[in-house]
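Chemist: What follows is each chain in one-letter form.
Number of protein chains: 2
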Amino acid sequence: MTRVRIDLFSSLDGYTAAPDGTSDNPMGEDWGPLTASYAATRTFREKVFGDDSGAGTTGIDEAYAAAFFTDVGAEIMGAAMFGLHVNADDPNWKGWWGDEPPFGCPVYVLTHSAPRPPIPMAGGTTFHFRTGAIEDVLAEAAVAADGLDVRVGGGIRTARAFLRAGLVDDLHVGIAPIVLGRGNRVWDDLRGLELTHTVTSEVAESGTIHVTFRR
Amino acid sequence: MTRVRIDLFSSLDGYTAAPDGTSDNPMGEDWGPLTASYAATRTFREKVFGDDSGAGTTGIDEAYAAAFFTDVGAEIMGAAMFGLHVNADDPNWKGWWGDEPPFGCPVYVLTHSAPRPPIPMAGGTTFHFRTGAIEDVLAEAAVAADGLDVRVGGGIRTARAFLRAGLVDDLHVGIAPIVLGRGNRVWDDLRGLELTHTVTSEVAESGTIHVTFRR
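Residue numbers (our numbering), protein chains in the order written: chain W, 1 to 215; chain V, 1 to 215.
The hints are simulated quantities; they were obtained by calculation from the structure and are not laboratory data.
Careful: at least some of the hints might be erroneous.
To be verified - Examples of chain W residues lying across from chain V (beta carbon under 10 Å, computed):
| no. | residue |
| --- | --- |
| 1 | R45 |
| 2 | K47 |
| 3 | R185 |
Claimed, not checked - Derived list of chain V stretches under chain W, where covered just means 3 residues or more per stretch with a C-beta under 8 Å from a C-beta of chain W:
| no. | stretch |
| --- | --- |
| 4 | 8-18 |
| 5 | 73-79 |
| 6 | 194-202 |
To be verified - What follows is a set of in silico ranges between Cβ atoms, one per label pair, in the way DEER data are often shown:
| no. | chain 1 | residue 1 | chain 2 | residue 2 | range |
| --- | --- | --- | --- | --- | --- |
| 7 | V | A55 | W | D169 | 49 to 55 Å |
| 8 | W | G132 | V | V86 | 50 to 56 Å |
| 9 | W | D89 | V | G192 | 35 to 41 Å |
| 10 | W | E205 | V | R215 | 18 to 24 Å |
| 11 | W | S113 | V | V86 | 53 to 59 Å |
| 12 | V | R182 | W | N25 | 47 to 53 Å |
| 13 | V | A66 | W | G50 | 36 to 42 Å |
| 14 | W | L195 | V | A63 | 45 to 51 Å |
| 15 | V | A122 | W | R182 | 42 to 48 Å |
| 16 | V | D169 | W | T131 | 51 to 57 Å |
| 17 | V | R182 | W | T126 | 55 to 61 Å |
| 18 | V | A114 | W | P33 | 30 to 36 Å |
| 19 | V | G32 | W | G123 | 48 to 54 Å |
| 20 | V | A122 | W | T196 | 43 to 49 Å |
Values in this document were obtained by computation on a predicted structure and should not be read as measured data.
Positions of the beta carbon are idealized from the N, C-alpha and C atoms, including for glycine.
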């Protein structure tokens with residue numbers, strides 16, 4: 001049965017990196033420290049960086065990284081995460097995920113701008129652009145997922161919109177043991193999330209605290 | 001050798017309860033959920049609630065609770081934590097910690113109001129009132145601690161002032177697995193604290209995440 005999943009990165013003080021909107025370093029300078037333990041895993045090295053040497057960590061972080069890529073049948077993301085705003089006037093701009101994005105499934109991009117046709121990419125990813133309510137986009141994505149899960153990929157405002165609307169079954173937050181003191185706030189407007197979900201936590205060898213909300 | 005210690009409670013979203021300034025429920029309604037796992041420990045039941053039946057949890061939370069009361073030779077707290085503002089005009093007001101406060105050592109209360117004489121209490125606690133710089137009060141407390149530790153008890157603004165000034169050797173934060181969405185922010189202005197301290201974390205049976213910064 002389809003579940004709706006979100007994975008987020010947070011610092012101890014509840015921030016995720018603020019994207020700076022440039023394609024050289026789109027996620028901002030704090031993204032590296034925030035995601036370092038994930039980037040070190042065998043799965044991320046292979047799936048995101050194309051390193052098929054088998055190198056990378058294999059502990060608790062790797063278990064979450066592997067799960068991240070398992071059983072996702074459709075993805076939803078905000079326009080900024082696709083990179084729509086970077087070249088907003090170029091109808092041929094295909095986002096900043098490269099020629100073969102690491103999704104391998106339909107990706108629904110939420111946008112307020114004019115509709116544009118779907119963009120099929122190598123590796124099974126097709127970007128679709130939707131302007132409707134998040135509930136409607138989710139319903140379409142759930143059909144497309146065909147029994148697999150729908151992941152709300154981000155950014156943080158998109159994730160919180162789905163959480164606030166009560167649409168998310170599984171939230172995983174990887175909390176890096178660092179204090180950023182700045183960025184986009186992960187947890188705003190989510191008071192009482194522990195009342196509708198069961199919370200469990202474990203600490204990885206890297207020091208990353210993995211917190212999971214599940215209903 | 002004297003170390004300077006702080007213990008704090010936080011929610012997952014980085015809030016501690018906002019005191020509401022009434023003596024009926026001085027710590028505010030979120031304080032209970034935030035500290036529930038600590039209040040359930042054998043040590044807290046005995047030391048704070050006077051329950052000497054031996055009841056209470058005995059796991060990881062209890063280990064931190066027992067450490068909380070060990071080797072503290074002097075305490076520093078803000079005026080609000082003493083309760084100074086509740087009866088600011090009453091020179092005979094002895095704070096809201098009761099006839100036998102759970103400190104058992106000299107307690108230095110930071111205040112901007114007029115000096116007042118020390119207040120000796122039952123159980124070895126004496127409240128001293130100081131208007132000087134936090135470095136000077138810490139120096140005096142360290143002498144009084146006589147080789148034991150100095151604990152900065154709170155509130156949160158006092159704790160952050162000592163942390164920002166680089167005066168704290170050990171910070172322990174007990175993170176309750178709840179999202180408060182409101183309160184006083186624990187982590188503000190502490191960017192990079194992990195660069196001067198070593199961070200370790202463990203998850204208690206209760207779900208509380210114990211994060212320790214140590215230098």
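Chemist: Take the shortest C-beta to C-beta distance between K47 (chain W) and chain V; is it under 10 Å?
Modeler: Because about 27 Å separates K47 (chain W) from the closest Cβ in chain V, which is outside the 10 Å limit, the hint is violated.
Chemist: May I ask you to test the hint 47 to 53 Å on the CB atoms belonging to R182 (chain V) and N25 (chain W)?
Modeler: violated, 34 Å
Chemist: Given the range 35 to 41 Å, decide if the beta-carbon distance of D89 (chain W) to G192 (chain V) lies inside it.
Modeler: Since the Cβ atoms of D89 (chain W) and G192 (chain V) sit about 39 Å apart, the hinted range of 35 to 41 Å holds.
Chemist: A range of 48 to 54 Å was offered for this pair. Does it hold for the Cβ distance of G32 (chain V) and G123 (chain W)?
Modeler: At roughly 51 Å between Cβ atoms, G123 (chain W) and G32 (chain V) fall inside 48 to 54 Å, so the hint holds.
Chemist: Between E205 (chain W) and R215 (chain V), does the C-beta distance stay in 18 to 24 Å?
Modeler: The hint (18 to 24 Å, Cβ to Cβ) holds, given that E205 (chain W) and R215 (chain V) are roughly 22 Å apart.
Chemist: Is the shortest C-beta separation between R45 (chain W) and chain V less than 10 Å?
Modeler: violated, 24 Å
Chemist: Should the hint that L195 (chain W) and A63 (chain V) are 45 to 51 Å apart at their CB atoms be regarded as holding?
Modeler: Violated, at about 28 Å.
Chemist: Taking the beta carbons of A114 (chain V) and P33 (chain W), is their distance inside 30 to 36 Å?
Modeler: Cβ of A114 (chain V) to Cβ of P33 (chain W): about 47 Å, so the range 30 to 36 Å is violated.
Chemist: Do A122 (chain V) and R182 (chain W) keep their Cβ atoms within the hinted range of 42 to 48 Å?
Modeler: 47 Å Cβ-Cβ, so the 42 to 48 Å window holds.
Chemist: Within the stretch 194-202 of chain V, is the number of residues with a Cβ closer than 8 Å to a Cβ of chain W three or more?
Modeler: With 5 residues close enough to chain W, the hint holds.
Chemist: Can you verify the interface hint for R185 (chain W): is its Cβ closer than 10 Å to any Cβ in chain V?
Modeler: Check passed: Cβ of R185 (chain W) comes within 8 Å of chain V, closer than 10 Å.
Chemist: Could one say that the CB atoms of D169 (chain V) and T131 (chain W) fall in the range 51 to 57 Å?
Modeler: holds, 54 Å
In terms of the numbered hints stated before, the structure departs from hints 1, 2, 5, 7, 12, 13, 14, 17 and 18, listed from lowest to highest.
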